[in-house]
Amino acid sequence: MILERLRSGSIAKPLAVFTAVVAIFAAVDGDHMRFLSGSTLFSTLETFATGGLIALGLGLTMIAGEFDISVVGVYSLAGCVAVLTGAQSPVLGAVIAMAVGAAVGIGQGLIVTRLRLNSVAVTLGGMLTCNGIAAVLTGNQSIAYPNVNVALAIAQPILGPLTIRSLIAFAMFGAMAAFIAFTRPGRDLIALGSDRRAAVVAGAPVSALIVVVFAFSGLCAALSGAMISYSLAAASPSGLTDVLLPAAAAAILGGVSLGGGSGRPIGLMFGVLTLSVLRSGFNALGAPPYANDVAMGAILLGVGTLDGPDLWRRAASLRLKLAEMRNEFAKQD
Amino acid sequence: MIEASETRARAPAARGLSALRLIRRSGSALVIARWVGAAALAALALSTPGFLSAPSLLSLATTVSFVGCVAMGMTLITISGNILSLSLGATVGASAMIFIVATNAGGPVFGLVAALATGAAVTAIQGAIIGSVRANPIIVSIAAFALITGVAEAFAQRGAVFLAVRSAASAMHFQIAFIPSEFVVLLLVTALCELILKGTVFGRRIYMMGSSFRAAEAVGVSSWRVLAGVYGCAGLCAAASGALLAIRYGTADMTYGAGYDYDAVAAVLVGGTLMRGGQGSALRTLFGAIFIAVVEIILLLRGFRDEWQYLFSGLIVSFAVLLQPRQGDAR
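Residue numbers (our numbering), protein chains in the order written: chain E, 19 to 351; chain D, 8 to 338.
So that you can see chain D by itself, here it is in the shape it has in the complex:
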């Protein structure tokens, strides 16, 4: 019925939208649109002088990894039907600080375990709350953001924490045949998430919950357990990103990871994972993250300043949203 009134109301000005409608309705047209976009970007990248140079590729592989890890966690949350979390960025900052404090106290391995465990626990609790009483995921994540930020501020009075012995953690920083360790971690995290999603019963349940919360509950899926798992994994991903940042810079404060939530959702959207849940993959998000990073590097190499990068990534995300398939009538 909405459709009918819309058709009548459509002005000639909206005709430009009909091409978009066609793309969104037909799956194969969408696939073609994706490939055309990727090919255009590749052509643009290859024609940009200096893109294939070692420093450019190295910085691409490094910068994409920090946000990329968070984006993997965000992918799980999105697929499970909970749209997005706004607390993952704060989790990155907090786990980076925990990594440094714990490394100073008991060595890098202890630091890593402490950071990952805290990140996973803090985020898993949110998942359990969302799953058990169906609290709104965005509100819960905003509340968690405030709590994490507040508690971190209370503990770190001076703002930033520093590694006492840099060599201890920099031993974890390595390169495999010119590939920075951050990118290796990102590939591992991606593979792990993809494996969970596609190869395990838990993964099936994530998709099921994303498709229909009620249906999943009706067939006996324990919603709070699945969502605690989903959010726990997302927290792990965010904590991994935090540990990577801490290892890289030898210091940490709560500005680490600020804005990563939005960048991560951007990668999820550009990758083409369905915003309403039930569909998508970690691999797609990896492509989405790389797509955005490549665009930013091209802009940088072609002499555009930061502000144009912001504008273009905003436009790319908006366009990616327009390509999302439409929602059903009922909400």
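Isolated chain E (complex conformation):
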């Protein structure tokens, strides 16, 4: 009963998982204060800043009932574009990178809606093409960002433990949460994810919304890629590709299901925070590097299984079968 209620809560469930993870780490750490420390908080927020935006974009496409694999490609392409164009003005570089990301998203959104194609296939092509463009732009090697002051400034906490990167990430989550909660297009977005046919009948601008969602996803991935490249003072066409897994995991933990319609930005935020805490928590406790992979995989598999629409039906039929077997035994006795 409690499980079932948690399954349906779009913010309560991610919050519960987040609290549980924090509590477990705190309990395991005990009195050492390795986990409940300022440095763990800081590294959690920095991890959140990188993965959060990608998870937000990907999560929104999932809420709309689509799936944007191209975030991986846009992320690394945008990093390269920002480093190449932003030597003088980092803001200009970031804006150009975001424009590229949004353009890729709009293109993919148009293809998905106009030609009515599977978004996984379309964005897979987009991802490979973006990776190719990034490799061509950089001559397939890592490029350095000459403006080191920017790199230092961007990693500097400016408000408590918050850096520019994490502030921007939180601001984007807040803006998206307000957009979905308070505007008509936001409501339409949820509607088209829940039942596309019904949304069309109700007069929601379905095609336009899907294009916007893909544009937003590209923009978020690009912003994240640009900022991480600035903070590392380098970009490489292939080095940053390990972002799809945490982003998808965060979205699922955040209450988004791939069927679409469920999940909200605030829930998503807690999903990302959970994974960030997991990563920095294992670091703080000195766990081996694979612990994070195993834990993340196990959690994702667990939540993915619990999210399966046939789980309760399957469980019910199993219970029925068990009851029958028990009756059989009772008769024999």
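Treat each hint with caution, since some may be false.
[As the list claims (entries may be wrong)] Cβ-Cβ distance ranges computed for the label pairs, FRET-style:
#1 Arg312(D) with Leu324(E): 26 to 34 Å
#2 Ala171(E) with Gly257(D): 44 to 52 Å
#3 Gln286(D) with Ala316(E): 31 to 39 Å
#4 Ala128(D) with Gly56(E): 40 to 48 Å
#5 Ala333(E) with Gln286(D): 55 to 63 Å
[Stated by the list, open to error] List of simulated lysine to any residue pairs, SDA-like, C-alpha gap at most 25 Å:
#6 Lys339(E) with Gly227(D)
#7 Lys339(E) with Phe220(D)
#8 Lys339(E) with Lys205(D)
#9 Lys339(E) with Arg221(D)
#10 Lys339(E) with Leu194(D)
#11 Lys339(E) with Pro327(E)
#12 Lys339(E) with Ala135(D)
#13 Lys205(D) with Ser219(D)
#14 Lys339(E) with Glu224(D)
#15 Lys339(E) with Ala225(D)
#16 Lys205(D) with Ser54(D)
#17 Lys339(E) with Arg232(D)
#18 Lys339(E) with Val228(D)
#19 Lys339(E) with Lys349(E)
#20 Lys339(E) with Ile132(D)
#21 Lys339(E) with Gly285(D)
#22 Lys205(D) with Leu194(D)
#23 Lys339(E) with Trp231(D)
#24 Lys339(E) with Val233(D)
#25 Lys339(E) with Ser229(D)
#26 Lys205(D) with Gly285(D)
[Claimed, not checked] Over 10 Å on every C-beta distance to chain D, these chain E residues come out as not near it, computed from the model:
#27 Leu102
#28 Ala121
#29 Gly157
#30 Ala189
#31 Ala251
#32 Ala252
Treat the hints as calculated values from the structure; they're not laboratory data. Glycine is no exception: its CB is placed at the ideal position from the N, C-alpha and C atoms.
Dock chain D against the given chain E, drawing on the hints supplied.
Same frame as chain E, but now just chain D:
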């Protein structure tokens, strides 16, 4: 209704798409487009100096085989309606490592059996989960990717494993009349998958599930059994690829097979297997894999660097996606 609003909204700029629409709507136009593409590629290949030389053909036949085997497994998954798996690449790396460790312990045959069995089992479990509770296949495969990578890291602290006696496994490396053994294995795997798909009841059920999950269940197909079988076969294919890599290089680590998932889906797409499932064949994927490999070799021979290969394969995949038939309204 979507169609109507689209027609009204279509700007003159979208007129270029109408030729594409025509091709996608008419089956025969699609077939013609395929043949034109293949013929153009063949002409380009034959006009490229050095393409028909022995080293070029040998490297073509070898490189296509590693990804090709994975692509066969991916074809089964795609046809069964589960789009793609992102854990097959990690399965390749893990089974390559298992092959080497087990060969060092008990000889190459034991190594092969151990690698194939583990690959099949690990992937079959994913299929069983997806089939029994209808968990999302992409999410399950991502979770499996993380688990496989993590466990492999935990076991191989030094990163790479090496064959103790190279000769033991290199006896498995042979050439039949200049055809490398890898390519022979690929042809065998392709034939096997094609046979399963077209010649068995199990194969019929794969197509049925891909066309409609609910309809297949309604007529009594046990979804978790079929999908466990499908994924088990896919795991076998990936493990075969891993064993081939291990035999070839005498060493293995988790970078083996990295990115193979995407390359395999690329081959499936270029081959023209339907992304939403229910249609397609292993033979098509073989052509798709060879098509991509030929393009890469042509680029290489014509002096383009790696980065242009990446770009072109991305563009080819994108174009292949555009030729996919459209989806129905309901999802």
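Hint by hint, here is what the structure shows:
no., hint, in the structure
1, Arg312(D) with Leu324(E): 26 to 34 Å, "violated (47 Å)"
2, Ala171(E) with Gly257(D): 44 to 52 Å, "holds (49 Å)"
3, Gln286(D) with Ala316(E): 31 to 39 Å, "holds (35 Å)"
4, Ala128(D) with Gly56(E): 40 to 48 Å, "holds (45 Å)"
5, Ala333(E) with Gln286(D): 55 to 63 Å, "violated (33 Å)"
6, Lys339(E) with Gly227(D), "holds (17 Å)"
7, Lys339(E) with Phe220(D), "holds (23 Å)"
8, Lys339(E) with Lys205(D), "violated (35 Å)"
9, Lys339(E) with Arg221(D), "holds (22 Å)"
10, Lys339(E) with Leu194(D), "violated (45 Å)"
11, Lys339(E) with Pro327(E), "holds (20 Å)"
12, Lys339(E) with Ala135(D), "holds (19 Å)"
13, Lys205(D) with Ser219(D), "holds (18 Å)"
14, Lys339(E) with Glu224(D), "holds (18 Å)"
15, Lys339(E) with Ala225(D), "holds (19 Å)"
16, Lys205(D) with Ser54(D), "violated (37 Å)"
17, Lys339(E) with Arg232(D), "holds (18 Å)"
18, Lys339(E) with Val228(D), "holds (18 Å)"
19, Lys339(E) with Lys349(E), "holds (15 Å)"
20, Lys339(E) with Ile132(D), "holds (22 Å)"
21, Lys339(E) with Gly285(D), "violated (32 Å)"
22, Lys205(D) with Leu194(D), "holds (16 Å)"
23, Lys339(E) with Trp231(D), "holds (17 Å)"
24, Lys339(E) with Val233(D), "holds (21 Å)"
25, Lys339(E) with Ser229(D), "holds (16 Å)"
26, Lys205(D) with Gly285(D), "holds (12 Å)"
27, Leu102, "holds (14 Å)"
28, Ala121, "holds (15 Å)"
29, Gly157, "violated (7 Å)"
30, Ala189, "holds (28 Å)"
31, Ala251, "holds (22 Å)"
32, Ala252, "holds (17 Å)"
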